[in-house]
Amino acid sequence: MLAKRIIPCLDIKEGRVVKGTQFLNLRDAGDPVELAKFYNKEGADELCFLDITASHEKRKTLIELVEKVASEVFIPFTVGGGISSVEEMRDLLRAGADKITINSSAIKNSDLISQGAKAFGSQCIVLAIDAKRNLNSWDVYVKGGRENTGLDAIEWVKKGVALGAGEILLTSMDADGTKEGYDLELTKRVVEAVNVPVIASGGAGKLKDVVDVFKKTNCDAALLASLLHFKEVSVKQIKDEMLKELIATR
Amino acid sequence: MKKNISLIDFGAGNLHSVHKALKFVGANIEITNDESRIEKSDAVIFPGVGAFGSVMQSIRENNLESIIKKMATSGKPFLGICVGMQVLFESGEENPDMPGLGVFKGNVVKFKKAKKIPHIGWNDVGVIHESPLQKFYFVHSYYVIPEDKNLIYAKSNYDGEEFCCAVKKDNLLAVQFHPEKSGDAGLNFLSDFVKKI
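Chains as they are written, first to last, in this note's numbering: chain A, 1 to 250; chain B, 251 to 447.
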């Protein structure tokens, strides 16, 4: 059976891991390479690095970081944050990243999805979206949740997949940072809308939240950050719980 | 003396990941597209990701077709990974106009039953006549159907569709999954390959 994946997400700022509540109030939670090794040992199925400063500040430390991680950790990892050209994608993939997530740059220029998919294959292109409820639907937000694009989340993921995105990283802006569980309704709707794997993100506050997102939606992976970084829960504990609940795991 | 491994370079996307993983398990490995160096090496690793057609095109542009075929049938240890496995076959559904290397008879076809494609993630690899299952990391939409069923070394199952995920003939082993990204299971697999050279 294909295992449901547990993906620790490391938000990177100036080479350090940070995680803020609803993207504000950043806190320092450690060294990315050390954390990557730690999560690999713990049984994480994949890793995700998001450079959250990328939209505002320049950084090439990310490439160095990717190289370091790729030399020491042998599980797949995704890198994202302000990547807006095929050239940048190539640099990061060459440095050892397996996938690239694109978010606001894909909204500005949707050709980036098809160009990336054509150059490296759909499996390398993860479309990340930040969605926030607006009455009976969800709008797509950018700039860490500060700006509403007016795009409908379901329509946007469908378009992204049609253009060549091989995976969706779905963050609920309503759930993110609340620790009250994943946004099950949104996740369900996105999973039903596309025929590529969906990674649920935002809101995990306890073991049961992870079990719930797998039991109640057909998502493929769960992204976790602060819950893991502050050692409230371990990957091992999550996997033991998944096993108990008969969710396919590694 | 440590045995020499050539990692064939035609610009494959996973080249450096494979290189790093083999370095990590202590292999003496060189990235090369030099025919004579490849021929002199004790073993060959043939990586590949992307579309069947574009991989074949890069192989031909780099004039590596004949040396890869030669090494695959030389009796020296040979490891094909992902599309490096697929192009050992005759043709791929993905690019029917672009013939493969044809080391083995058979085709490369797309998943038919699966609701979500590509098949991404950790799945069980069941080696024929051996247990237990181990999970390896897969990323692909196509898989090989060898004409000679005796080539099938391991199988996996994605969304109800059973497929061949490893073929073996003499010293040639080719796998659909990515040992270089399969954590400890993958590192052990690569280390075993290196030890047997």
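Bear in mind the hints are in silico, worked out from the structure with no lab data behind them. Bear in mind the structure is a predicted one, so any value in this text is a computation, not a measurement. Mixed in with the good hints, there may be bad ones.
Straight-line distance between alpha carbons at most 30 Å, and here's what the computed BS3-like set of lysine-lysine pairs gives [said to hold, decoys possible]:
1. A:215 <-> B:365
2. B:366 <-> A:188
3. A:215 <-> B:366
4. B:445 <-> B:405
5. A:236 <-> B:362
6. A:132 <-> A:159
7. A:208 <-> B:419
8. A:188 <-> B:419
9. B:362 <-> B:320
10. B:446 <-> A:118
11. B:419 <-> B:446
12. B:319 <-> B:273
13. A:159 <-> A:143
14. B:405 <-> B:270
15. A:132 <-> A:68
16. B:319 <-> A:118
17. B:253 <-> B:273
18. B:273 <-> B:445
19. A:118 <-> B:445
20. A:60 <-> B:366
21. B:253 <-> A:118
22. A:216 <-> B:363
Hints, verified against the model:
no.: 1; hint: A:215 <-> B:365; result: holds (18 Å)
no.: 2; hint: B:366 <-> A:188; result: holds (15 Å)
no.: 3; hint: A:215 <-> B:366; result: holds (18 Å)
no.: 4; hint: B:445 <-> B:405; result: holds (24 Å)
no.: 5; hint: A:236 <-> B:362; result: violated (34 Å)
no.: 6; hint: A:132 <-> A:159; result: holds (18 Å)
no.: 7; hint: A:208 <-> B:419; result: violated (47 Å)
no.: 8; hint: A:188 <-> B:419; result: violated (45 Å)
no.: 9; hint: B:362 <-> B:320; result: violated (33 Å)
no.: 10; hint: B:446 <-> A:118; result: violated (38 Å)
no.: 11; hint: B:419 <-> B:446; result: holds (15 Å)
no.: 12; hint: B:319 <-> B:273; result: holds (25 Å)
no.: 13; hint: A:159 <-> A:143; result: holds (20 Å)
no.: 14; hint: B:405 <-> B:270; result: holds (27 Å)
no.: 15; hint: A:132 <-> A:68; result: violated (35 Å)
no.: 16; hint: B:319 <-> A:118; result: holds (27 Å)
no.: 17; hint: B:253 <-> B:273; result: holds (13 Å)
no.: 18; hint: B:273 <-> B:445; result: holds (13 Å)
no.: 19; hint: A:118 <-> B:445; result: violated (38 Å)
no.: 20; hint: A:60 <-> B:366; result: violated (34 Å)
no.: 21; hint: B:253 <-> A:118; result: violated (37 Å)
no.: 22; hint: A:216 <-> B:363; result: holds (23 Å)
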